[in-house]
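Residue numbers (the numbering used here), protein chains in the order written: chain A, 1 to 251; chain B, 252 to 502; chain C, 503 to 753; chain D, 754 to 1004; chain E, 1005 to 1255; chain F, 1256 to 1506; chain G, 1507 to 1757; chain H, 1758 to 2008.
Hints may contain errors.
Facing chain B, according to a computed beta carbon distance under 7 Å, are these residues of chain C, among others [unchecked claim]:
(1) Gln-513
(2) Ile-734
(3) Asp-735
Estimated spans, in silico, between C-beta atoms of each pair [said to hold, decoys possible]:
(4) A:Asp-86 x D:Glu-852: 24 to 34 Å
(5) G:Ile-1573 x E:Arg-1253: 33 to 43 Å
(6) A:Gln-63 x D:Glu-852: 45 to 55 Å
Since the hints were made in silico from the structure, they are not lab data.
Glycine residues also receive a C-beta, built at the ideal position from the N, C-alpha and C atoms.
The lines below spell out each chain.
8 protein chains.
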Amino acid sequence: MNPDELKKLLQAFRNGEVDEADVIGRLRTLPFEDIGIAHVDHHRSLRQGAPEVIFGAGKTIEQLQAIIATMAARGSNVLATRLDSDKGQALLDRFPGGEFDPLAGTFCLTAKTPEACEGTLLVACAGTSDLPVAREAAVTARMFGHRVEELTDVGVAGIHRLLSRGDTLRSADVIIVVAGMEGALPSVVGGLVSVPVIAVPTSVGYGAAFGGIAALLGMLNSCAGGVTVVNIDNGFGAAFAAHRILQGRAR
Amino acid sequence: MNPDELKKLLQAFRNGEVDEADVIGRLRTLPFEDIGIAHVDHHRSLRQGAPEVIFGAGKTIEQLQAIIATMAARGSNVLATRLDSDKGQALLDRFPGGEFDPLAGTFCLTAKTPEACEGTLLVACAGTSDLPVAREAAVTARMFGHRVEELTDVGVAGIHRLLSRGDTLRSADVIIVVAGMEGALPSVVGGLVSVPVIAVPTSVGYGAAFGGIAALLGMLNSCAGGVTVVNIDNGFGAAFAAHRILQGRAR
Amino acid sequence: MNPDELKKLLQAFRNGEVDEADVIGRLRTLPFEDIGIAHVDHHRSLRQGAPEVIFGAGKTIEQLQAIIATMAARGSNVLATRLDSDKGQALLDRFPGGEFDPLAGTFCLTAKTPEACEGTLLVACAGTSDLPVAREAAVTARMFGHRVEELTDVGVAGIHRLLSRGDTLRSADVIIVVAGMEGALPSVVGGLVSVPVIAVPTSVGYGAAFGGIAALLGMLNSCAGGVTVVNIDNGFGAAFAAHRILQGRAR
Amino acid sequence: MNPDELKKLLQAFRNGEVDEADVIGRLRTLPFEDIGIAHVDHHRSLRQGAPEVIFGAGKTIEQLQAIIATMAARGSNVLATRLDSDKGQALLDRFPGGEFDPLAGTFCLTAKTPEACEGTLLVACAGTSDLPVAREAAVTARMFGHRVEELTDVGVAGIHRLLSRGDTLRSADVIIVVAGMEGALPSVVGGLVSVPVIAVPTSVGYGAAFGGIAALLGMLNSCAGGVTVVNIDNGFGAAFAAHRILQGRAR
Amino acid sequence: MNPDELKKLLQAFRNGEVDEADVIGRLRTLPFEDIGIAHVDHHRSLRQGAPEVIFGAGKTIEQLQAIIATMAARGSNVLATRLDSDKGQALLDRFPGGEFDPLAGTFCLTAKTPEACEGTLLVACAGTSDLPVAREAAVTARMFGHRVEELTDVGVAGIHRLLSRGDTLRSADVIIVVAGMEGALPSVVGGLVSVPVIAVPTSVGYGAAFGGIAALLGMLNSCAGGVTVVNIDNGFGAAFAAHRILQGRAR
Amino acid sequence: MNPDELKKLLQAFRNGEVDEADVIGRLRTLPFEDIGIAHVDHHRSLRQGAPEVIFGAGKTIEQLQAIIATMAARGSNVLATRLDSDKGQALLDRFPGGEFDPLAGTFCLTAKTPEACEGTLLVACAGTSDLPVAREAAVTARMFGHRVEELTDVGVAGIHRLLSRGDTLRSADVIIVVAGMEGALPSVVGGLVSVPVIAVPTSVGYGAAFGGIAALLGMLNSCAGGVTVVNIDNGFGAAFAAHRILQGRAR
Amino acid sequence: MNPDELKKLLQAFRNGEVDEADVIGRLRTLPFEDIGIAHVDHHRSLRQGAPEVIFGAGKTIEQLQAIIATMAARGSNVLATRLDSDKGQALLDRFPGGEFDPLAGTFCLTAKTPEACEGTLLVACAGTSDLPVAREAAVTARMFGHRVEELTDVGVAGIHRLLSRGDTLRSADVIIVVAGMEGALPSVVGGLVSVPVIAVPTSVGYGAAFGGIAALLGMLNSCAGGVTVVNIDNGFGAAFAAHRILQGRAR
Amino acid sequence: MNPDELKKLLQAFRNGEVDEADVIGRLRTLPFEDIGIAHVDHHRSLRQGAPEVIFGAGKTIEQLQAIIATMAARGSNVLATRLDSDKGQALLDRFPGGEFDPLAGTFCLTAKTPEACEGTLLVACAGTSDLPVAREAAVTARMFGHRVEELTDVGVAGIHRLLSRGDTLRSADVIIVVAGMEGALPSVVGGLVSVPVIAVPTSVGYGAAFGGIAALLGMLNSCAGGVTVVNIDNGFGAAFAAHRILQGRAR
């Protein structure tokens, strides 16, 4: 039942064409019906503050192009993630105004510049191998309108590198910490700052790294209080979580 | 090297008793020395916004009493978690001004009322068996000065119960979602609101619940974007993470 | 918004006291409001065909007695599961009309005889150690109004025992198969009959049985097509699933 | 011992050529002999109501063609699953009357239209990535003669999409719910309906999805009573289970 | 259908009271009927060469006494395993002619001396902590009528101890090797002898021993060809497997 | 120290050139020295009864050809396992007298016919997908000189197929049972016969089969006493174990 | 064959009573015989530099007392580990000259002061809950004659505490790092020093700490090069490894 | 703040341009600032005794060439690991003075011969399949200036091969033991020598080897005291650990 049908129902009620019991009967089933919720869903990006996002892994070039064309046609900003170079190039060919970041595996098509938000997000990563995940987080956050700083190669085995960047740490409002192997960086960062710390385990490592399980467990057991964790390699999810946090500050 | 020693060194330098190279040599080793950092550590609760917290599991009544007495003596607010009823009662006997919550397993001794912070934290939990963890989160957040709402028994198998509480969901600034078994509640909540959602898996369940692993995996794989996760049964950690978020709003 | 409020709103609309936009605005939020859904929930046992059920593990005798008293007061049949002997005896003391089955760990308080359903449920179990789970399933199904046959100690290492009970197998409309250790019985049964087979792994075994994981995996990988599985030791869940199936037959 | 031999034995007994003890001795070993059971096995599709099914993964095109040709020659309906596009096309080339569904990875060769059964099966899936498994279930069920409805992209993070399809949910006699990631959809569906719900975890997801383990555990721990589960990605098995259920209704 | 009924059927056939088709029809269902198979089952100990065995874990003293009394009454030798000292003493009180081995946790009641078999079984164990499992194997094998040698504390970290017992190794016909921790002993033994080697992992160890998983995996991956493995702590099973082997030699 | 050196030492001792203490000192270190053990190792195939065996996975065609050439040159029978078709064909090109079995992935080069052993080995497998592993076992056993029977597609979901082959089962001296998925076949076979049963789990299956873990666990937890298990897909190991057993019978 | 027998053999050879072939035949079997190796084993503590050690878990007080008495009787230093307070007190009662450390769970009976070794061992631990394992390591190392420093509560969430102890870190020759939860401390320490770092995961933590698995995996995946790891809670093993290292320095 | 800035600050203080409080304020933040720590980091190879090392897996040829060129330009010795043949050849083309070891997967570019260290490292491996990991360890250790012996194919199933190399074992100062499958070799070696033993599990094996987990667990549970373990396949890490140990001997 869309709004038009609802108006007709109310009109019919006022006109005495249907009685009260009928209207209530129809309305009581509303939780199972479609009272314009599709419309709300249509506005999901507004309700949740997210641009339209496509998870690119497992989709063909043709599927990606079709989906993006549809989204672009309705004026949305578009962010596609988990793209390899072939897909990225194919999207650039089709949508020359877009941007493909081969390290992050992301493609951005910006219809309107995202409204700038208050606050700074810092994306710190332990090693250069963690960069793709960190960059996915950074690209995503920028598509959400956030100012992003990046800090690279500050793993805990060379603790001075991290400590020497105290100003950068202290000036962030939210910090995403990306690390593979033992995943220890969020614990150290979480002990140095009081702002929200979102930990992202990466699948970097071999053997007993178990594709990111070691880092994931390390982060879930962080001895620094109040560190939260997202799925392995989920740079997008960390940025979305940061967006939920920073959005609250701007209200 | 404490501040006094540092002053003496600078004085000696100004007086020409030590030369520039000596001073630089001494200072370069500072990262390995103690330039009053203990003092900063002493003020960790200020730096991180946390009251002094004791993890009560595995500590004897005598140890707990001694630690709390020390903390109370320096005027700190004290929060002890993971206490059974025997320990709780023993702490009440020793510190009659404190509060023991047998459901949460927490003991609070409040020297000064925590300064009230802006914003509302909602702690929602799926079933009544998840209540101890949810309550630990609520008690912790209140000790950090936050206003806390609680929502109970809104598991996804009876989705109407959750949906009927739309106002409560919409008025929260941060939501902690506590669930055992399949851990699906954060996905539903995360799709309904745009504020930060912190998921806490509980060890509730049996068989293939594997002491909370099923719920943990469910939450890490949430199809709702931007949900973050803490360790199994870690109500305290979720509240600390919420505190990091709400603290930012208040600045 | 309860039905009364809804009636008032419609009346006000018909009277011209509120306009169409207001009514639509109020109604659009309904999915988040309470339009008598609580009432439906109140009738959950009717909607899902289930008596009121209490999971007894982790609840105190006092809690159990209070919950059952409440349920009994509103005329419901009551089934409590996972009770040890102490709890069972305490419930008998309080509710002398109830029945405690020490093997199944169940307590039944029957206000009105469950309406008899068509069809026969067979509960077969591999070894005598699996009996508690099988019995929990049988007791539950009987509380749902189903006729239940039980078949015991027909494990696959003595395949003649099972085969000699062909009549029993052939006369069942749904079969619950309970097995621990390697969990092979459902595969054999599933190959002998064409009716629904619900497999229940039990935590019986030691070493590499891993508390029921071996049986669970065996059942999920059954080479007999169309066998479905419930959680380890979940006799109640299997009976509930059987109830969902048999209920359909009776319509 | 085939029926002919059995006849000869009985004849010899009647004729006094063998005595009673010999006959009983021969018959007692029957459980280890072949008393026409192969014949019954030959009729397995009748006994279990299943068409002849081929699991296509790991078989070569030549093997598939040979097996299907044999089955077709004896007039059976044939269903092959887990086929990639190359295999599907090669089967179409060989058996032009068949149907290849590239999304489901199935090939159907229908000798005689399956007899229509009573009841409706609903196959609901959480996300578009789960479609291949859902479609395998739908194709399978249709080959068994069942009426199938499909519902797509009703994941729990956008709960309104599911709730708006209340009529579809309410009109189903059995529901197969297909979901990857956290696998929460069966819990919500199971709470909304009273008919049998068969949950199929898919290997959709990454990181801590562990190839479907997260979804599998979520479904095994469903807080909705009476949900049963099949193996990861096992759309065929779910349809077969649904067939066992619906078949009972039709008797 | 018991033998008597079968005789009646045959008689009726010879007498012309039933015709051939009827007899064949009755006989064809025999795999699902009871043609004295219970009788055969009754003789399972003869068919498999095993005495009657009771798995004592999880059974009460009363249950154990009742079962053993029944077995003893029909003249069987009885072996009960997994008994603690209380149970063992209670069985001795009831059956003074029995033998309780507190290390092995076994109780033996011997009605007739087991017929001596050819061949020697060697039970070797790595450390003194593995002794209970090794002794369970030894006691079991002796109840099956086998000659058993025992070799203790020959773990691989002191390889000379094992090598110095070359004569013992060389004179065995089957070797059971019991080891916890890394479970390496079967690999070394398997390389020194050409007779069957049955490996038994024990739950001895802590931390990453994971209750015997480390030893189990070590044994399954033994670099010595032809080593076979039984479940963790399953001394009984290893002895039964040895019995199957030695029994063949004696024919 | 080779035998020649040993002779020289003894000669020198007899001649009085070295004294008793020197000889004893030299001899005492023998466990760490080479007293012709390499020679014994050289004869490992004799000591353990095995032909020379090459694990082909991970070796190049060139490596395989070189190793086999060396072995053939010293007159050994050669068995190479885990070969794909390319390797098999390349070996046939180089050694035209050999035999490549593409299903088993084995290559045999027989210098002298293996001496025939007493006894019959039965290799039974649950499904056609398990055939490669079963065939590897059969080929291996024949290379060891054993008579091998094969039984295929006797999975437990069609239990009659297995039961109808009672004669085959009863005439075997050792049975290797190969099964994937739930791995239940060894339990049924183990209950029907009293000879040694060696279970081989295969990696056949998908989803929660976990590459053979489900079958492995099922077999380790077999409710049939005395079943032993080898590593996943280890047909060679099972045949070697059978050889160890049958070898004993022949003595 | 003990040295006396060997002497006799050589004598007989010299006297011409046995010929060369006989001697060589006897000697060739030596690896399987006992040429005084037991004597060497008797001196294992000398060969490996270890005092005699008893793993106390799972042993009764009586067993412990008997073993220690035997060891003390031959003048050995004795170290017993994993003792609870009851066992510790009972050992003190029996051996008043010993020392029981209730935190470490160790009992030491020192017959002769261990010879002091060169070099310093530092035992650092992350939190106070890790102290029992750290202390077990320290006590063990002292029994081996090493100088031990201890550093407590230097977890990575308060990185300044560790950095302020630079002198202590720099003056150590080997460092044992003990940590539970995420196990990150060894990575930081390993990056600060160039001496050997031995990491000991502890079972401290809850939920996804999985009894020390998280810490173990973190340490195995340490991003600091050259960190080695021992079993969970294995303070003794770490100290023994340190002893092997420091012993080398002293030569 | 670099040393120049620090000099200026001190100068300004002596000149009275800034007061004591300012200087102390600036200095107190030093742990978060850059007081020449980058310089120290620049010298990490000196501080930790390591050459510059590149983990080659996941890096492109172009990235490898660029990194090595930079390192070579500053006169460092370079070691790249985990290179396949294509990468190795490409590096040889670019840096003809380097050495590529295809078995180890390593590329070495030696600017100055590493200073020879005291002591001998023995790298022993169980089977030829373990050679790549063993060789990586050997190459790495030589780049650190250590003398390396190699011992191959001394797996525990042919224990004589290991025992016959007693001299080699006894002359080593540190032993790296590399093994896959059941990983038992370190336990045997650890029992034969008193020097440090570093165990490296390899991913060699199949089925229940689980990519090295079986070997890893075996080594962590070694019954030989004081064996330490590194990550699966981590030959480099083992060599680095050996370097840390031998470096201490040379001081």
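Evaluated hints:
no.: 1; hint: Gln-513; in the structure: violated (23 Å)
no.: 2; hint: Ile-734; in the structure: holds (3 Å)
no.: 3; hint: Asp-735; in the structure: holds (5 Å)
no.: 4; hint: A:Asp-86 x D:Glu-852: 24 to 34 Å; in the structure: holds (32 Å)
no.: 5; hint: G:Ile-1573 x E:Arg-1253: 33 to 43 Å; in the structure: holds (41 Å)
no.: 6; hint: A:Gln-63 x D:Glu-852: 45 to 55 Å; in the structure: violated (23 Å)
Of the numbered hints listed earlier, those contradicted by the structure are 1, 6.
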